[in-house]
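There are 4 protein chains.
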Amino acid sequence: MTRMMKAAIFVEPGRIVLGEKPIPDVGPLDALIRVTTTTICGTDVHILKGEYPVEKGLTIGHEPVGVIEKLGSAVSGYREGQRVIAGAITPSGHSYACLCGCHSQDGAGTRHGFKPMGGWRFGNTIDGCQAEYLLVPDAMANLSPVPDALTDEQVLMCPDIMSTGLSGAESGKVRIGDTVAVFALGPIGLCAAAGARLMGATTIIGVDTVPERLAVARSLGVDHVVDFKAGDPVEAIMKLTDGRGVDVAIEALGTQQTFESCLKVLRPGGTLSSLGVYSSDLTIPLGPFMAGLGDLKIVTTLCPGGKERMRRLMEVVASGRIDLQAMVTHRFPLERIEEAYELFANQRDGVLKVAITP
Amino acid sequence: MTRMMKAAIFVEPGRIVLGEKPIPDVGPLDALIRVTTTTICGTDVHILKGEYPVEKGLTIGHEPVGVIEKLGSAVSGYREGQRVIAGAITPSGHSYACLCGCHSQDGAGTRHGFKPMGGWRFGNTIDGCQAEYLLVPDAMANLSPVPDALTDEQVLMCPDIMSTGLSGAESGKVRIGDTVAVFALGPIGLCAAAGARLMGATTIIGVDTVPERLAVARSLGVDHVVDFKAGDPVEAIMKLTDGRGVDVAIEALGTQQTFESCLKVLRPGGTLSSLGVYSSDLTIPLGPFMAGLGDLKIVTTLCPGGKERMRRLMEVVASGRIDLQAMVTHRFPLERIEEAYELFANQRDGVLKVAITP
Amino acid sequence: MTRMMKAAIFVEPGRIVLGEKPIPDVGPLDALIRVTTTTICGTDVHILKGEYPVEKGLTIGHEPVGVIEKLGSAVSGYREGQRVIAGAITPSGHSYACLCGCHSQDGAGTRHGFKPMGGWRFGNTIDGCQAEYLLVPDAMANLSPVPDALTDEQVLMCPDIMSTGLSGAESGKVRIGDTVAVFALGPIGLCAAAGARLMGATTIIGVDTVPERLAVARSLGVDHVVDFKAGDPVEAIMKLTDGRGVDVAIEALGTQQTFESCLKVLRPGGTLSSLGVYSSDLTIPLGPFMAGLGDLKIVTTLCPGGKERMRRLMEVVASGRIDLQAMVTHRFPLERIEEAYELFANQRDGVLKVAITP
Amino acid sequence: MTRMMKAAIFVEPGRIVLGEKPIPDVGPLDALIRVTTTTICGTDVHILKGEYPVEKGLTIGHEPVGVIEKLGSAVSGYREGQRVIAGAITPSGHSYACLCGCHSQDGAGTRHGFKPMGGWRFGNTIDGCQAEYLLVPDAMANLSPVPDALTDEQVLMCPDIMSTGLSGAESGKVRIGDTVAVFALGPIGLCAAAGARLMGATTIIGVDTVPERLAVARSLGVDHVVDFKAGDPVEAIMKLTDGRGVDVAIEALGTQQTFESCLKVLRPGGTLSSLGVYSSDLTIPLGPFMAGLGDLKIVTTLCPGGKERMRRLMEVVASGRIDLQAMVTHRFPLERIEEAYELFANQRDGVLKVAITP
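Those sequence lines, one after another, are chains A, B, C and D.
If you read the first sequence in my numbering, its first letter stands for residue 11, the second for the next number, and so on.
If you read the second sequence in my numbering, its first letter stands for residue 11, the second for the next number, and so on.
If you read the third sequence in my numbering, its first letter stands for residue 11, the second for the next number, and so on.
If you read the fourth sequence in my numbering, its first letter stands for residue 11, the second for the next number, and so on.
Here chain A stands alone, though its shape is the one from the complex (with noise of 0.2 Å):
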């Protein structure tokens, strides 16, 4: 007899609704694991408005906090029972693409071994954590004990969040004494920001606007704040820089807008280290660009994946480096799971980030 389990499943664009499916089958390289906490990703929500097209009837989420129930046939070094964590992105750890370092555009079981965002598996091409259970492929590759002395909550942004707001300083290649902007400060632009703190950053200017994310912002770390509703959030840069630019600016939003600030802020010689997702094309404006010839870089990162990632980050947290509990503002259950979609998407009462537990 199949046994059943609750899920958050896309049915169409506008709606995810709590639903019943099979717990899954256990193949040779899987893990099964019981979740405990999960949460929602904007990203999530882009999936839910229809902006980010997934198959109907998928299980969306992929930062799953959880207990492993089951291991594969071929799976060894792991043990039932043991509390874990999986990367948002769940690389083979065998393709050309990860053999070469570049484990997010996995593309195992294609000829050539790439394939854009290959790596994001979870809530995107296979079912995803907002469910009582997950099936992790590639478990040997992708399961990372959580130590006995962290909560669920302080590693619920290891998976996503964290790992992609710390790789946008990362791939920055931010330096000790570097002047760093990082335009939007939601959950990724936030942990960017946090990155930047972490590799030695010594002037972080946060562009946003909302109150809740400046004061998180302030305790993470950023030396300046700038509400780009109080006027132009380049001028104001140029200004606190006086006059000089900076040597990396993040982009953690995806618009026009925030990249074209970034270009325009940056000092001869600097980084763009772009994080957003777009949903469209975008234009490179001549003069901030130095018609090609400022010895500029524009790098684009995903979410970076894997054990080794997630034994990292958790690193970072149990060592006290950054906390980003603050950023949890909204516990549910998985029953309820509709409803923190709706506060989520809606942006409503000051929400950062949401716990579900199943």
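Calculated directly from the structure, the hints in this document are not laboratory data.
Remember, it's a predicted structure, so these values are computed and weren't measured experimentally.
Treat each hint with caution, since some may be false.
Below, in silico cross-link-like pairs of lysine-lysine (DSS-like), each with a Cα-Cα straight-line distance of 30 Å or less [unchecked claim]:
id: 1; chain 1: C; residue 1: 239; chain 2: C; residue 2: 59
id: 2; chain 1: C; residue 1: 59; chain 2: D; residue 2: 183
id: 3; chain 1: D; residue 1: 125; chain 2: C; residue 2: 274
id: 4; chain 1: C; residue 1: 183; chain 2: D; residue 2: 183
id: 5; chain 1: B; residue 1: 16; chain 2: B; residue 2: 66
id: 6; chain 1: D; residue 1: 274; chain 2: C; residue 2: 125
id: 7; chain 1: B; residue 1: 249; chain 2: B; residue 2: 183
id: 8; chain 1: D; residue 1: 249; chain 2: C; residue 2: 125
id: 9; chain 1: D; residue 1: 183; chain 2: B; residue 2: 125
id: 10; chain 1: C; residue 1: 125; chain 2: A; residue 2: 80
id: 11; chain 1: C; residue 1: 249; chain 2: D; residue 2: 125
id: 12; chain 1: A; residue 1: 16; chain 2: A; residue 2: 66
id: 13; chain 1: C; residue 1: 31; chain 2: C; residue 2: 183
id: 14; chain 1: D; residue 1: 59; chain 2: D; residue 2: 239
id: 15; chain 1: B; residue 1: 274; chain 2: A; residue 2: 183
id: 16; chain 1: D; residue 1: 183; chain 2: B; residue 2: 183
id: 17; chain 1: A; residue 1: 274; chain 2: B; residue 2: 125
id: 18; chain 1: B; residue 1: 80; chain 2: D; residue 2: 80
id: 19; chain 1: D; residue 1: 59; chain 2: D; residue 2: 31
id: 20; chain 1: D; residue 1: 183; chain 2: D; residue 2: 125
id: 21; chain 1: A; residue 1: 125; chain 2: C; residue 2: 183
id: 22; chain 1: A; residue 1: 183; chain 2: B; residue 2: 125
id: 23; chain 1: B; residue 1: 183; chain 2: B; residue 2: 59
id: 24; chain 1: A; residue 1: 183; chain 2: A; residue 2: 249
id: 25; chain 1: B; residue 1: 16; chain 2: B; residue 2: 59
id: 26; chain 1: C; residue 1: 66; chain 2: A; residue 2: 183
id: 27; chain 1: D; residue 1: 31; chain 2: D; residue 2: 125
id: 28; chain 1: A; residue 1: 125; chain 2: B; residue 2: 274
id: 29; chain 1: D; residue 1: 31; chain 2: D; residue 2: 66
id: 30; chain 1: A; residue 1: 80; chain 2: A; residue 2: 16
id: 31; chain 1: D; residue 1: 125; chain 2: B; residue 2: 80
id: 32; chain 1: C; residue 1: 183; chain 2: C; residue 2: 249
id: 33; chain 1: A; residue 1: 59; chain 2: A; residue 2: 239
id: 34; chain 1: C; residue 1: 274; chain 2: D; residue 2: 59
id: 35; chain 1: D; residue 1: 239; chain 2: C; residue 2: 274
id: 36; chain 1: D; residue 1: 274; chain 2: D; residue 2: 183
id: 37; chain 1: B; residue 1: 183; chain 2: A; residue 2: 274
id: 38; chain 1: C; residue 1: 125; chain 2: A; residue 2: 183
For chain A, the structure is supplied; the task is to place chains B, C and D on it using the hints.
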């Protein structure tokens, strides 16, 4: 009595004429060079046409080979009569930009030390080398002795074409076994292809349509030549790479079309290395940009300068690794430089580069 | 009934003999390869002599070319009958080490995921390929299809010699215009020199004394050959570089003398890239080490493995950039492998590499 | 009439005395600084003891804070009366070494442009700053204005201690989530630990035995302190890391024992970042070196200098990221510098650093 010299002077858009100017005075950090060979660059044609603005009365040209005529009082380590080249970019060596390795964006004299394209002075912000004599600023950072075994024409590409072209491969971080596409095979693109070869790319695909260029490309080690008039070059490259795309795409023209084609042929995680001088805003198409989630990089590079760069490039020439003499298709004395401009600006007679001898 | 196969087995120090073993069973992640060509490595000779300890009864050999005989139940993306190679190093792809790019130190199965040399399994911790059949673990990370146009002998150096040798130049971060010295021109050193050439070094100096090696070195693009019996090679190199020293020195033997000579020829800020397998403590002399103040780097590299590495190396071969066939100086059927060991271990008859065909 | 000044002069091994010297003349590229605060370095003690040879009659000291008294005729971008620091290392900016980013090995004036430790001039090859006035060569590359908000003592560590210490973490390429061990917690080691923290290391282990140092270490963010007199520090570190070892080990003393301990605690693929000044040959033990097959790196770094480095370090101080004022444990006027040497050389009274005010 002021001694005079001949020089190619920008008079107004459409007119660069051979005129007379005083031989410049030599400041403490300068060196005066008697130019023996120089050339005309595509950028000079932009100046001629008024597409790139410079001051009226400026001497044009930034690719000098010559002999030291006089050294400034504070210059040591050289002797008069020594045969030298200087890069198109002449960094001071002492600005904040220089001290963090960003020599081409040298802002010596500015408060912050960075200035877009600030390292490019010859024929841009100070008198250039299409003249009998050239004043080289910050001589100790910029004069590079030419080995006796090399002729003027052998090193004529070092100051700009070769330095810029090779940097396309270097900034793209070409690795052993990479597949590289180069869009546009003018002198810069040809050198970019040669650079990709020099760094270990094993499949190099060049795109152009001019038969002479395609022939030189093959002789420089380009593996596949794609004539963009014979079909869509993006399709051709995807076919040549069996659907995988390229690791590095080098833009060597400065147009929307080539920029966009570069993006379209990149594999996830690939790098677009841009050398072109753009004259209008660029559009980044959403699909090839993978919505910002493809771990793509776009890097722009201005010609690297300084004497160490010149030394290395002359080593490349001396070692026989790259032979660019075939690029010098035409020769003119300085007296006939207007004629040379006419030929080069109109790309007549299969011209690649001209040698000008004062 | 168990099918048997022939295999070169380590019996005890001094004795590797051709014996019989069962053809191995195929686990879910494995592939069974019918070996068509393999070779003997200097490391195998260390094993033979008892200088590198392995378990008695182990099949030796880590450089396989062959045909897929059988695929494990969880292996996809390949078909039986396909011609493949696997690297000497066969990373799992899923350990912490692999997930941070340190595949050769793969500690899959250990708690921390790192194990010194852990990626080297063939002929070290599991049966190797000097046999009729070879079991390849973690097949999806390690099997690399051989292009039809390439012969077995053309790709025979990819699994170890070429991968290791080229990595000497790669880890040394050889740049365009570098001067590189390679100490010892056995197969590894020759490939290191070829790698330096491939990455743009413009002056390559090889040190050895065996005439056959010096000849092959020249054919692979070594610019200067130094016979260490004809004088002090350090002096010779300092003279060749006009007192400057080299940017990168590659150690390809594993002795105090070559290690020390590498340090002595480095310019300040230079890199010693070490490939040798050492058998005793090393001394770093104070002077050449510049008392620790010379911005020197010493980097060691174990052969990189995995299918992406193999793919790239076969691209190098297919492109004609490096042709190592001249290295195969002798050929033996598997039946006569003991004879081959005798020849190779004693470096008789100008042997560089032997081809063994089961 | 020559104006005279007081200066701490090396007379002979064992004797550095306060004497009189002429205030130096100012060449075109120089600046004369009136020193307001300086300090004594461990290296100065080596000079005092005759362990590091300098010419008799030389003024010692390489850590200047002061005010511009006079600018050379070719120096622009500064004004007399401006408060500045200069690094211990004063690169010319124009040598081949400088132009490839190797400023500390500056060989300006040599044919090849590289000279071991050539960038270190103050108190080594030219008169230093333990004096009333200091001549700064290549002033435009080396003078860095001090922000008004910072006191002399706040920036006193920038020229050497902080620049060197932080470079230990930088050269080790410390990454977010790394575990880092620092051997010896003198001023350099303390700054190395602070640097590791600044770059995102999440477990920092410091080894020393002096209680004052261990206390400062904790205040700078060292997570675990190991007293090497309380047991084998290698064992302690392996236990703290649960057998994994560290990603980066920083040597901050210059002895065989600390160097060797660093190797012993490295994980495969790890980096030994060496800051120590060694006074005898070193031994690399075979086992911890993994016979050359562990993908280990050993990197050495001399204090980075130049005005951009100083600017960045002052940013670190100004941002409050690191506060090193607690390191200044004693203060002396220049008149009593011999007394200061006596205290510092004998490490009496818990001294970490002394401030000397002319």
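Cross-check of the supplied hints:
{"no.": "1", "hint": "C:239 / C:59", "verdict": "holds, 27 Å"}
{"no.": "2", "hint": "C:59 / D:183", "verdict": "violated, 40 Å"}
{"no.": "3", "hint": "D:125 / C:274", "verdict": "holds, 14 Å"}
{"no.": "4", "hint": "C:183 / D:183", "verdict": "holds, 15 Å"}
{"no.": "5", "hint": "B:16 / B:66", "verdict": "holds, 16 Å"}
{"no.": "6", "hint": "D:274 / C:125", "verdict": "holds, 14 Å"}
{"no.": "7", "hint": "B:249 / B:183", "verdict": "holds, 24 Å"}
{"no.": "8", "hint": "D:249 / C:125", "verdict": "holds, 17 Å"}
{"no.": "9", "hint": "D:183 / B:125", "verdict": "holds, 29 Å"}
{"no.": "10", "hint": "C:125 / A:80", "verdict": "holds, 27 Å"}
{"no.": "11", "hint": "C:249 / D:125", "verdict": "holds, 17 Å"}
{"no.": "12", "hint": "A:16 / A:66", "verdict": "holds, 16 Å"}
{"no.": "13", "hint": "C:31 / C:183", "verdict": "violated, 44 Å"}
{"no.": "14", "hint": "D:59 / D:239", "verdict": "holds, 27 Å"}
{"no.": "15", "hint": "B:274 / A:183", "verdict": "holds, 26 Å"}
{"no.": "16", "hint": "D:183 / B:183", "verdict": "holds, 19 Å"}
{"no.": "17", "hint": "A:274 / B:125", "verdict": "holds, 14 Å"}
{"no.": "18", "hint": "B:80 / D:80", "verdict": "holds, 29 Å"}
{"no.": "19", "hint": "D:59 / D:31", "verdict": "holds, 22 Å"}
{"no.": "20", "hint": "D:183 / D:125", "verdict": "holds, 25 Å"}
{"no.": "21", "hint": "A:125 / C:183", "verdict": "holds, 29 Å"}
{"no.": "22", "hint": "A:183 / B:125", "verdict": "holds, 21 Å"}
{"no.": "23", "hint": "B:183 / B:59", "verdict": "violated, 34 Å"}
{"no.": "24", "hint": "A:183 / A:249", "verdict": "holds, 24 Å"}
{"no.": "25", "hint": "B:16 / B:59", "verdict": "holds, 22 Å"}
{"no.": "26", "hint": "C:66 / A:183", "verdict": "violated, 49 Å"}
{"no.": "27", "hint": "D:31 / D:125", "verdict": "holds, 28 Å"}
{"no.": "28", "hint": "A:125 / B:274", "verdict": "holds, 14 Å"}
{"no.": "29", "hint": "D:31 / D:66", "verdict": "holds, 13 Å"}
{"no.": "30", "hint": "A:80 / A:16", "verdict": "holds, 18 Å"}
{"no.": "31", "hint": "D:125 / B:80", "verdict": "holds, 27 Å"}
{"no.": "32", "hint": "C:183 / C:249", "verdict": "holds, 24 Å"}
{"no.": "33", "hint": "A:59 / A:239", "verdict": "holds, 27 Å"}
{"no.": "34", "hint": "C:274 / D:59", "verdict": "holds, 28 Å"}
{"no.": "35", "hint": "D:239 / C:274", "verdict": "violated, 37 Å"}
{"no.": "36", "hint": "D:274 / D:183", "verdict": "holds, 19 Å"}
{"no.": "37", "hint": "B:183 / A:274", "verdict": "holds, 26 Å"}
{"no.": "38", "hint": "C:125 / A:183", "verdict": "holds, 29 Å"}
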